[in-house]
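Let the sequences and hints guide you as you build the complete structure.
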Amino acid sequence: MQTVETRSFTGTESLPEFLKTCTEPTDVAGIRRAAHARFIELPWPSQRDEEWRRTDVSSLDFDAYSFGRSVPSAPADGDLNDDESGRIVFENAVCSSLVVKKDLSDQGVVFLPLDRLYGLFDANHSESLARARKAFLEALSGTADAVEDRIAALHYAAFTHGVFLYVPPGLEIADPFIVELNVSGDHVMCAPQIVAVAEKSSRVQLIERISGADEGDVLYNEGISLSLGDNASLGFFQIQNLNIDSSVFSTGRARIARDARLHHFTGQFGGMLAKTRFDAILDGPGSDVQLSGLYIGSEDQHMDLRTVQVHNSPNAESRTYYKGAVRDEAHTVFQGLIRVEDHAAKTDAFLENKNLLLNDGARSDSIPSLQINTNDVRCSHGSTTAKIDQNQVHYLRTRGFSQTEAERTLIQGYFEDVIDSTPEPMRDELRELVVERIE
Numbered sequence: 001m002q003t004v005e006t007r008s009f010t011g012t013e014s015l016p017e018f019l020k021t022c023t024e025p026t027d028v029a030g031i032r033r034a035a036h037a038r039f040i041e042l043p044w045p046s047q048r049d050e051e052w053r054r055t056d057v058s059s060l061d062f063d064a065y066s067f068g069r070s071v072p073s074a075p076a077d078g079d080l081n082d083d084e085s086g087r088i089v090f091e092n093a094v095c096s097s098l099v100v101k102k103d104l105s106d107q108g109v110v111f112l113p114l115d116r117l118y119g120l121f122d123a124n125h126s127e128s129l130a131r132a133r134k135a136f137l138e139a140l141s142g143t144a145d146a147v148e149d150r151i152a153a154l155h156y157a158a159f160t161h162g163v164f165l166y167v168p169p170g171l172e173i174a175d176p177f178i179v180e181l182n183v184s185g186d187h188v189m190c191a192p193q194i195v196a197v198a199e200k201s202s203r204v205q206l207i208e209r210i211s212g213a214d215e216g217d218v219l220y221n222e223g224i225s226l227s228l229g230d231n232a233s234l235g236f237f238q239i240q241n242l243n244i245d246s247s248v249f250s251t252g253r254a255r256i257a258r259d260a261r262l263h264h265f266t267g268q269f270g271g272m273l274a275k276t277r278f279d280a281i282l283d284g285p286g287s288d289v290q291l292s293g294l295y296i297g298s299e300d301q302h303m304d305l306r307t308v309q310v311h312n313s314p315n316a317e318s319r320t321y322y323k324g325a326v327r328d329e330a331h332t333v334f335q336g337l338i339r340v341e342d343h344a345a346k347t348d349a350f351l352e353n354k355n356l357l358l359n360d361g362a363r364s365d366s367i368p369s370l371q372i373n374t375n376d377v378r379c380s381h382g383s384t385t386a387k388i389d390q391n392q393v394h395y396l397r398t399r400g401f402s403q404t405e406a407e408r409t410l411i412q413g414y415f416e417d418v419i420d421s422t423p424e425p426m427r428d429e430l431r432e433l434v435v436e437r438i439e
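Quick note: the sequence shown uses my numbering, first residue 1, plus one each step.
These are calculated hints, taken from the structure and not from any lab test.
In this text, all values refer to a predicted model and were calculated from it rather than measured experimentally.
Keep in mind that the hints are not guaranteed to be accurate.
[To be verified] Keeping only pairs whose Cα atoms sit at most 25 Å apart, straight-line, the calculated DMTMM-like set for lysine to aspartate or glutamate is:
no., residue 1, residue 2
1, K387, E317
2, K101, D83
3, K20, D122
4, K387, D328
5, K134, D27
6, K200, D83
7, K354, D342
8, K387, D376
9, K102, D79
10, K354, D417
11, K200, D230
12, K102, D115
13, K102, D63
14, K200, D106
15, K200, D217
16, K200, E329
Here is the structure:
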């Protein structure tokens, strides 16, 4: 596949020039310009900000990274497993492979990289595509308008590539769609944008895999925009396993309508620094959200994960369940918030975080919190941090396990309930990553 290289830009001061080169729909360009204005207004996050108090980014030189886009002549047809509905593969900002089941495209499903999507919007003016376009812009702008920090604003001003998944009303799709993001280079910013919309009474799953070269200082700055119509079901499952030289930032947001169900999962393994945030906005009665996560810090990694459950409607339910393990001199932070608005009576929300310290030098901070602005709710949170139970180790030793085998078995078992909540195609991959990180 041949590619045409666009101009490369370095540093945040080059954003105005970068914006001039972006060829995309007027509405998308407007979102970029608004994000750039917000970027100019905001300072870089500092430890004076409560959300960033335990994560120091002052030594990260954001102006040292180059960014830009390479436009492929055409992505190659890829291989599709029997248990997959579609697959898109990126090499940095280049879509190298695109395949989707034809019968799904014929039924109105859109699964495209953003540059191909914009071309389709320009060439096709059907009613169904007009609905998809409107849903895309509403989801993207809703997330971009809600940014609270300069790093997230940088993403929405300079996102380099991305994917749109659209499922029309009433269509239920059993097999997941796959997005693979392969990142390489040195002092490169990679800023993908994922947008997924599940319309009324539809059902779909999206799996995102983020990986990269063994070496190279990459700034990975991602945005995720999810939207669920009435009675829709959307599962979004992510694995991030970049190299130890990388810095990882992710800002995600979902809006969940009446009787809709969202399951969002993240598995965080890579990056010297990783800072993620995901907000779930429960906007309709009967809406149901499950946020789950798995993270392992090793060497001197720093991981800071934040979840926000916003109950903006009565009679809705949400659950957050994150599990982590920390070894060597790594430091993990989990910040979870349940916020119940004053008109959201009959809320049922729970937040739980568990951490396992694998040696004395490891550190884990867990900060669950509640903001309850009405009565007649059921909200609670829990947090535990512990070491491996030596009684359990002793029991396994009496059954012939070595010390190392016993500890590995217990750690694997500790994560199993979270892994079991993910789709079958990614469970073995998660188990292998757990073993790799704890050995």
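Determine which of the earlier numbered hints do not hold for this structure and return their numbers in increasing order.
Checked against the structure, the hints that fail are numbers 1, 7, 8, 13, 15 and 16, while the rest are satisfied.
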